[in-house]
Amino acid sequence: MSNVDPTLLSANLIAGERLTPPTVKPIEPEVRSGGFFPFCDLLKHGEGADLTQLLGNSTLLGALVIEWGYDVPFDKHDDFKGWLIRNEAEIVKYQPKDIYYRGTYAVSATSEKHSGLYRTIWSFTTLHALETFSDAMHTGSDFARLVDELCSYRDRERGADNSQQMYQPVRCAHRFG
Amino acid sequence: MFSPNGCYSHTPNLRVRPVKEMKSCVVFRPNPPKLFMLNLNAWLIFELCDGSSLDDVTQRYRKSVAAQMSEREADRHLETGIRNLHDEGLIELKLTD
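From first to last, the protein sequence lines are chains A and S.
The first sequence begins at 1 in the working numbering and counts up by one.
The second sequence begins at 1 in the working numbering and counts up by one.
Isolated chain A (complex conformation):
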């Protein structure tokens, strides 16, 4: 944090403002590590003979599932919806090996505040597929273009709601926290 001299800055900002009583509020840092389960490669270390079948029929979505939570500005919803209708099948068509686009969803109800009203879900059959995803985004491929276009609808304004969750099947999760 730099030590900016704020002299007169506040006085200049006051013009036209409706001043509320002065408040001095502590800011409580919130640390979100979420590292309760180390990543596990399901196909390497998961137990049970039916893993391939469970992955094949999407009972298990993958070794790793990533959920993007975000907002889309209200006036962009219809454009976003139209883009998904035209392009979701294209994303699936161009998705790299072991990476699966699992759809984009509107949040009808949630107990999580500020996590965004939209979710896009990806699944990865192997942990290595995470690296594949990253590589694919640097190639100028159709997949990269489509992911960029999808993300272009996200609300990037300061304070816009967003979240990210990462899941893995409990059947190969070792809990240490």
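Hints listed in this document are in silico derivations from the structure and should not be mistaken for laboratory results.
Keep in mind that the hints are not guaranteed to be accurate.
Claimed, not checked - Only pairs whose alpha carbons sit at most 25 Å apart, straight line, appear in this in silico PhoX-like list of lysine-lysine:
id : chain 1 : residue 1 : chain 2 : residue 2
1  : S       : Lys34     : A       : Lys25
2  : S       : Lys20     : S       : Lys34
3  : S       : Lys20     : S       : Lys63
4  : S       : Lys63     : A       : Lys97
5  : A       : Lys113    : S       : Lys63
Dock chain S against the given chain A, drawing on the hints supplied.
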């Protein structure tokens, strides 16, 4: 604490970061360490506590907010602001004879 016989100044070694977009100011107090968010009104009062006497701070505060409130209301806000800033260790009062 709200004394006419003293000068109000920032506690030493604070780190101050105005957030113009939010019309507020973040202040880090190192001892004991804690971050604070000052709203615009508290930020103005904080700025005015530059080693000046209470009378000087009062006059300048009244002038700054004259378009928004009466002198009586300004004095109430100023007292609240100085008390809050002092309670959180962001300003200190140096008594004079």
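Taking the hints in turn, this is what the structure says about them:
As the CA atoms of Lys34/S and Lys25/A are separated by approximately 10 Å, the hinted pair is consistent with the 25 Å bound. Straight-line distance between C-alpha atoms of Lys20/S and Lys34/S comes to about 21 Å, which keeps the hinted pair within the 25 Å bound. The hinted pair formed by Lys20/S and Lys63/S meets the criterion: a straight-line CA distance of about 21 Å does not exceed 25 Å. Taking the CA atoms of Lys63/S and Lys97/A, the gap is near 68 Å; set against the 25 Å cutoff, the hint is violated.
The hinted pair formed by Lys113/A and Lys63/S fails the criterion: a straight-line CA distance of about 41 Å is larger than 25 Å.
Consistency note: the structure conflicts with the earlier hints numbered 4, 5.
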